[in-house]
Every structure is written in C-alpha cells, then in structure tokens.
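> Can you make the complete structure from the sequences, with help from the hints?
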Amino acid sequence: MSELKDCPPLKYYDFKPVEHVKVCPRYTAVLGRSEDDGIGIEELDTLQLELETLLSSASRRLRALEEQRQILTDWQDKKGDKRFLKLAKDPDPAATSRHKPKKQKLDVKGGHGPGPGPGRPKSKNLQPKVHEYEFTDDPQDIPRTPKNDAPNRFWASVEPYCADITNEEIRLLEELLKPPEDEAEYFKIPALGKHYSQRWAQEDLLEEQREGARANDKKKNLMGGPLSELDAKDVDSLLKKSESQHESQEDSCPFGPLTQRLLQALVEENIISPMEDSPIPDISGKDSNDAAGTSPRSQGKAFSVPHTRSLEARIKEELVAQGLLDSEERPGPGGDSEDEVLAELQKRQAELKALSGHNRARKQELLRLAKEEMRKQELRQRVRVSDNEVMEAFRRIMAARQKKRTPTKKEKDQAWKALKERESILKLLDG
Amino acid sequence: MSADTKIAELLTELHQLIKQTQEERSRSEHNLLNIQKTHERMQTENKTSPYYRTKLRGLYTTAKADAEAECSILRHALDKIAEIKSLLEERRIAAKMAGVYSDSDPPRKTMRRGVLMTLLQQSAMTLPLWIGKPGESPPPLCGATPASSDYVAKQGDKVAARVKAVDGDEQWILAEVVSYNHSTNKYEVDDIDEEGKERHTLSRRRIIPLPQWKANPETDPEALFSKDQLVLALYPQTTCFYRALIHTPPHRPQDDYSVLFEDTSYADGYSPPLNVAQRYVVACKENKKK
Numbered sequence: 001m002s003e004l005k006d007c008p009p010l011k012y013y014d015f016k017p018v019e020h021v022k023v024c025p026r027y028t029a030v031l032g033r034s035e036d037d038g039i040g041i042e043e044l045d046t047l048q049l050e051l052e053t054l055l056s057s058a059s060r061r062l063r064a065l066e067e068q069r070q071i072l073t074d075w076q077d078k079k080g081d082k083r084f085l086k087l088a089k090d091p092d093p094a095a096t097s098r099h100k101p102k103k104q105k106l107d108v109k110g111g112h113g114p115g116p117g118p119g120r121p122k123s124k125n126l127q128p129k130v131h132e133y134e135f136t137d138d139p140q141d142i143p144r145t146p147k148n149d150a151p152n153r154f155w156a157s158v159e160p161y162c163a164d165i166t167n168e169e170i171r172l173l174e175e176l177l178k179p180p181e182d183e184a185e186y187f188k189i190p191a192l193g194k195h196y197s198q199r200w201a202q203e204d205l206l207e208e209q210r211e212g213a214r215a216n217d218k219k220k221n222l223m224g225g226p227l228s229e230l231d232a233k234d235v236d237s238l239l240k241k242s243e244s245q246h247e248s249q250e251d252s253c254p255f256g257p258l259t260q261r262l263l264q265a266l267v268e269e270n271i272i273s274p275m276e277d278s279p280i281p282d283i284s285g286k287d288s289n290d291a292a293g294t295s296p297r298s299q300g301k302a303f304s305v306p307h308t309r310s311l312e313a314r315i316k317e318e319l320v321a322q323g324l325l326d327s328e329e330r331p332g333p334g335g336d337s338e339d340e341v342l343a344e345l346q347k348r349q350a351e352l353k354a355l356s357g358h359n360r361a362r363k364q365e366l367l368r369l370a371k372e373e374m375r376k377q378e379l380r381q382r383v384r385v386s387d388n389e390v391m392e393a394f395r396r397i398m399a400a401r402q403k404k405r406t407p408t409k410k411e412k413d414q415a416w417k418a419l420k421e422r423e424s425i426l427k428l429l430d431g
Numbered sequence: 001m002s003a004d005t006k007i008a009e010l011l012t013e014l015h016q017l018i019k020q021t022q023e024e025r026s027r028s029e030h031n032l033l034n035i036q037k038t039h040e041r042m043q044t045e046n047k048t049s050p051y052y053r054t055k056l057r058g059l060y061t062t063a064k065a066d067a068e069a070e071c072s073i074l075r076h077a078l079d080k081i082a083e084i085k086s087l088l089e090e091r092r093i094a095a096k097m098a099g100v101y102s103d104s105d106p107p108r109k110t111m112r113r114g115v116l117m118t119l120l121q122q123s124a125m126t127l128p129l130w131i132g133k134p135g136e137s138p139p140p141l142c143g144a145t146p147a148s149s150d151y152v153a154k155q156g157d158k159v160a161a162r163v164k165a166v167d168g169d170e171q172w173i174l175a176e177v178v179s180y181n182h183s184t185n186k187y188e189v190d191d192i193d194e195e196g197k198e199r200h201t202l203s204r205r206r207i208i209p210l211p212q213w214k215a216n217p218e219t220d221p222e223a224l225f226s227k228d229q230l231v232l233a234l235y236p237q238t239t240c241f242y243r244a245l246i247h248t249p250p251h252r253p254q255d256d257y258s259v260l261f262e263d264t265s266y267a268d269g270y271s272p273p274l275n276v277a278q279r280y281v282v283a284c285k286e287n288k289k290k
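Going down the list, the sequences are from chains X and D. Going by the working numbering, the first residue of the first sequence is number 1, and it counts up by one from there. Going by the working numbering, the first residue of the second sequence is number 1, and it counts up by one from there.
Please note that a few of the clues may not be correct.
[As the list claims (entries may be wrong)] DSBU-like, lysine-lysine: derived pairs with alpha carbons at most 30 Å apart:
#: 1; chain 1: D; residue 1: K186; chain 2: D; residue 2: K154
#: 2; chain 1: X; residue 1: K16; chain 2: D; residue 2: K19
#: 3; chain 1: X; residue 1: K22; chain 2: D; residue 2: K85
#: 4; chain 1: X; residue 1: K16; chain 2: D; residue 2: K133
#: 5; chain 1: X; residue 1: K22; chain 2: D; residue 2: K64
[Unchecked claim] Not everything, but these chain X residues come out facing chain D in the computed CB check (under 8 Å):
#: 6; residue: Y12
#: 7; residue: F15
#: 8; residue: K16
#: 9; residue: P17
#: 10; residue: Y27
#: 11; residue: V30
#: 12; residue: L31
#: 13; residue: I39
#: 14; residue: L44
#: 15; residue: L47
#: 16; residue: Q48
#: 17; residue: L54
#: 18; residue: L55
#: 19; residue: R61
#: 20; residue: R63
#: 21; residue: R69
Derived by calculation from the structure, the hints in this document are not laboratory data. What you are looking at is a predicted structure, and each value in this text was computed from that prediction instead of being measured. The C-beta atom is built at its ideal place from N, Cα and C for all residues, glycine as well.
This is the structure in structure tokens:
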C-alpha cells in the first residue's frame, strides 16, 4: 500500500534526538554545574567522547534531513513522476530497519558509561545485527543526483512531444486543412500581353510625347493655350495611327507559323538570285509578283487568304511524314507550345499542385491520428478515474478487514462495480 | 599568561559552550517531536496530502537549520577540548625534555606495564573523531587515509617505527617522535615502552605516522580499512605492531577493528579475532616479509 503512486518515497526517519541524560552522563553532569564549579581536566576525555556522540548524531540527522527534503522538493517539482521513485531506495525496509538498530545503539551506549576500556564491552552477540544496520544505513548510498537539475531540464525539453493533445491543437490542424483563399491565384494563367517590342515602342512614343508636351509648355507660356491643345490632339491622332498600324501589322499575316517558316526558309535560300527568277512555288495561290507576301505592310489592310488553316495543317502533316518534324513536338493547346514562359509556368503549377496535394494528405492523416489519440486520451482519463474508484473500494474493504468485520454488501457491490467498469474501459482502450 | 590560567580560561569557555549546546538541543527538540508526530500521522493515513507534504518540508527545513546550528556549536566545543589537550601535551613534552636534559636527576621510574597499557588505550579512545560537514571528504591521517608523501610527523606524535632488535630481527614498535632532521631525512624516536629506554634514529621509510582522527563509520566508511585488507596492528597488551588481516571494520565511532593476526601457532596461520583500536591500525606497506 505504501507503494501508492501519489506518495513521495520518504523514509520517515526517526529523528529523535540523543537522550543525553542516558547516553551522556558527564555532559549532563556538567550542565547541572554552576559557573564556579567548572570542568576538571580529567573530565575532558569523557566529555570529548560524549560531544562526539552528539555531533555524530546531529550530522547524521543533518544529512538525512537534507536528503528527505530534497526528495520532497524533487517530488513536488515532478509530481507523479515515477523516475524519482526509482532513484530513491525502496522506502519500507530502510525505514523499519533504521529504527531498530538505532535504539539498540542507544541502549548499548547507555550501558557504556564513561571511561571504560576502548570498545571492551563490545558484545559479540550484537555484531550480526550491527551488520545489517550498516547495510541499510550507509549514507554513501544516498543518491545525491537530484541536486543536478540536468535531468529536469531534459524532461522539460521532451515534455512537448509526449504531452496530451489538446483541442487547441486539433483546431489548428483543421484550420491548416482549409484550402488557402489565394490558392486559385497561383493557378491562373494571365492573358498574353503585348509583345515587349511593341510595348517598348509605345512607351518610347509616350515618353517623346511627354517631352514634346514639356517643350510645348514652354512655348505655351509665350503663345498662349489653344495651340498646345491642338498639339495634344495631334499627338493623340499620331499615336492612334501608329497603333492601328501595329495592329494591322500583327494581323497582317494570315498564314500559320509553319507556313511562314517554310516560306522564309525558301526565300532566304534564294536571297542572291533575283526575285523574279526565283522558283517560288505559288502555294498560297496569291499574286506571285508580290514577293511572297512578306511585306504586307505596303498594302495597308490585310489581304484575305482562304484555307490558311488547312494549308498549315497540310504542311505540318507533310513535314511529319517527311520526318522533318516530330509530331509530339507541339503538344501545347492551340499551338501555344512555342511559349517558353507558359511552359515553365505550367510546369511550376503542376509541381505546386502535387506538393499541396501531398501536404493536404499529410495534414488529413495527422488530424485523423490526433482525433484518435484524443479519443484514447479520454479513455485513459476514465481509466484513471476508475482506478481511483477501485483503490477507494479496496481501501474501504481493507479498513473493514482491519476492524475485523466482513465488508458489507454495499461495499462489495461497489468494489465489483468499480472493477467491472474499469475492465470495460480497458477493453475499449485496447480494442 | 601562564599555561595554567590559559587552560582554566578555556575550561570556562568550554563549560559555556556546553550549556549553549544544550539550549540549542532543547530548542530543536520540539520541532523533531513535531516531525515524528507528522510522520506517524502520515503513515497511519497511508497517504500524503499536499498539506502534509508542505508541512513536512517546512519542518525539515527548520530541523535542518537547527541541526546545522547544533553541529557548529558542538564543533566549537570539541575544538576547545582539542586546544586544551594540545596545551597539556606541550606541557608534557616540555617536562619530558627537561627530564632528558638533566642527567643529574634520578632515573625516571619506569611505568608499570599495566599503567602504560591503560594509557595507550585511553589515548586511542580519545583520538578525536572526524565528523565532516556534508560533502566534505576525510583529511589525511583520518582512519585509513594515509598521510601525504611529504608529511613530517611532529614532535610527540605517535608512530609505528621499524627497528632492529638486539637479536637482529626487525620489528615494528610503537614510538614517539623526538625530532626530525631535514638534511638527513631521519627521525629520532623513543620507544614508547620505556623499559627499553632506547632512542632510535631511523630513516623516514621506517616510520608510519598513526592516524590523528578516527574515521566515523556512520558517515565516512570509505575512510576505514576494509575486510581482508592487510594491515599492521598493535597486538593487545604489547607495544609492537604485527601483520594482520581486517576481520571486521568498526561499525560505530567508538568501536575497534576486529583483526586476525598472522600467527603460525594456529592451524590456519591466523589468530582468532582480536580487537584493536583505530588509532593502532596502519597500512602495511611491505608486501612480503616473513
């Protein structure tokens, strides 16, 4: 029973002080004397022995007190921690065996009296018991490790990994599982903007316009407002014109990229020979005089060419058939495969998708485990409660037995109920 | 101030210290009783409530402080005794020297053997007990702890001395240091048994200083010789050291060693266990000599 979990491993030492009247007669005698009587030189030896006895007892008490106090302190710091139970020796035998020999010792000393031969009256029959005394009472055995707080620090650092899971933590996990609001943001593919060359051209133009405006401002100071307004209109129209030109240029070539490339290759090849003589096949079916349609700008608005799409497809087919082109080379949708930036973007997005998918799976697993652990924790809590109930019932029955009466029906029933309940919870926990 | 008045003064101080000791002791008695009661209550209830734990801790702390105060005052009193004794010893040596130097004096009466033995036992018994504070380790010459290698025994110190007897045999005898010559590294020692009336001059190798403190088996058992260790021990009722094995170390401060002397007259080569005081047991250096 003394091994109860909630008991610190105290030894309940007998701290009774030495009975000096019995053990130290000379000391007692000296105490009774007045100042004038004093102490004789011949008494010194005996007094020394008696004082040594007192000092030895006091130092031993000091050490034991320190040890017990340390145990209490450690135990309070680390409540219910079994590690410290192990550190200290089994409390029971030490406590009982400690008491008896000490009394024996006192008795022997009492009989000693002052000034007999050294250890002469040491009785042989006492030795075996004294032996046992030495083993239990060896102060060198007392563990002094608790003074070192390294273990405490260590356990404190481990604590977060072993502690119970709280609702707080579950909530945090659930929070983490919600898809972030800005997730879609990362999977958006922005529309293709204007080509940088065009944008730059436009920007340059705007810059110039601004500079022009500044120059105009200076002029305006001299000439007055209306002119500057006119100027601004001028610039606007100029810009519009150039823009329309840009657009027309963009739309000017109705042919697909393959057709253009093929054509370009053929043109480049014959760059030296005069245009007229070049045997350019009239694939497009347009006017052959028109230098293969490479300068649509000159014609202003685009000419309309029919079947460019089917032409492009046909060329592609032919090129693949000739082995000049890999059919897989252009898997992108709508011929976008030429766009390196897009390809990179798509690659990264795929990576992100895989990664976040993996993370989500982990989090879900973690949440599942945590919930399961919570359930177990609850059960363990209940086991603890029912453990206490069982102990309570046991104590009641033991008390009854000590009083030499049979436990009442009610007590028995309670004990059985507590036991069964505990059993069932344990089964739940295992299952 | 003459030695006598000094001693008288010290004795008065000692008396006061002893009275203070008892005051301290009765002051702490109440608390110890309280601890005992609390222990009993805790043990019968078989359960330690936080209330008892806190209470006990407080009681322990107070009792500890009390014990510390008691120890300190007791140490003080013991120091006083040691001081008085050293004064007495000085006086004794001075008297002895005076006796040696005056040849005209009638030869000193030889002490009766029985008286000498009682004296030796008495001095063994009153060898001060070394009681360290917690965490302190025993000093040299406490129990089995040997002296440091450069230790020089003082005048009047008791030693074991290896001397050559008339018949050529070598013996370890109990002797008292007269002087030490630093240039020759030799001791002059007197045989304690004045029947011999001999003064020996011996190299320091032949001298083993005797312990100056008893080791306390209750607090410093490691400072004692352990069972079956080979030692030199003073044979009871003689002034000679002989080789012996420790049979049992002492268990309490006033206990003696129980030793088995090497003795060929017994079948197993050892005498039955005999008691020898801590003061007269020293380490045996030579590993073989027989």
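> Each of the hints needs a verdict: does it hold here or not?
Here is what the structure says about each hint:
The hinted pair formed by D:K186 and D:K154 meets the criterion: a straight-line CA distance of about 13 Å does not exceed 30 Å. The straight-line distance between the Cα atoms of X:K16 and D:K19 is roughly 20 Å, inside the 30 Å bound, and the hint therefore holds. For a cut-off of 30 Å, the pair hint linking X:K22 to D:K85 stands: about 26 Å separates their Cα positions. With a C-alpha separation of about 20 Å, the suggested pairing of X:K16 with D:K133 holds against the 30 Å cut-off.
Distance hint between X:K22 and D:K64 is fulfilled; the C-alpha atoms sit about 24 Å from each other, no more than 30 Å. About 4 Å separates the beta-carbon of X:Y12 from the nearest beta-carbon of chain D, less than 8 Å, and the hint is met. Among the interface hints, the one on X:F15 holds; its C-beta lies about 5 Å from the nearest C-beta in chain D, closer than the 8 Å criterion. A hinted interface residue such as X:K16 counts as satisfied when its beta carbon comes closer than 8 Å to some beta carbon of chain D; here the least separation is about 7 Å, so the hint holds.
Annotation: interface hint on X:P17 holds; nearest CB of chain D at approximately 6 Å, less than 8 Å. For the restraint placing X:Y27 at the interface with chain D, the shortest Cβ-Cβ distance is roughly 7 Å, inside the 8 Å limit, so the hint holds. With a cut of 8 Å, the hint placing X:V30 at the interface with chain D holds, because the nearest CB-to-CB distance is about 5 Å. Because the smallest distance between the Cβ of X:L31 and any Cβ of chain D comes to about 5 Å, under 8 Å, the interface hint for this residue holds.
At a threshold of 8 Å, the smallest CB-CB gap from X:I39 to chain D is about 5 Å, leaving the interface hint in force. Interface hint status for X:L44: upheld, as the beta-carbon distance to the closest one in chain D is roughly 5 Å, under 8 Å. Taking 8 Å as the C-beta contact cut-off toward chain D, the hint placing X:L47 at the interface holds, the least distance being around 7 Å. The criterion of a C-beta within 8 Å of any C-beta in chain D is met by X:Q48, whose closest approach is roughly 5 Å, and the hint holds.
Nearest Cβ of chain D to the Cβ of X:L54: about 6 Å, under the 8 Å cut. The hint holds. For the restraint placing X:L55 at the interface with chain D, the shortest Cβ-Cβ distance is roughly 4 Å, inside the 8 Å limit, so the hint holds. Interface restraint check for X:R61: the shortest CB-CB distance to chain D comes to about 5 Å, inside 8 Å, so the restraint holds. A cut of 8 Å between beta carbons decides the hint on X:R63: the least distance to chain D is about 5 Å, and the hint holds.
Given hint, X:R69 at the interface with chain D, holds; its Cβ is 4 Å from that chain's nearest Cβ, closer than 8 Å.
In this structure, none of the earlier numbered hints is contradicted; all agree with it.
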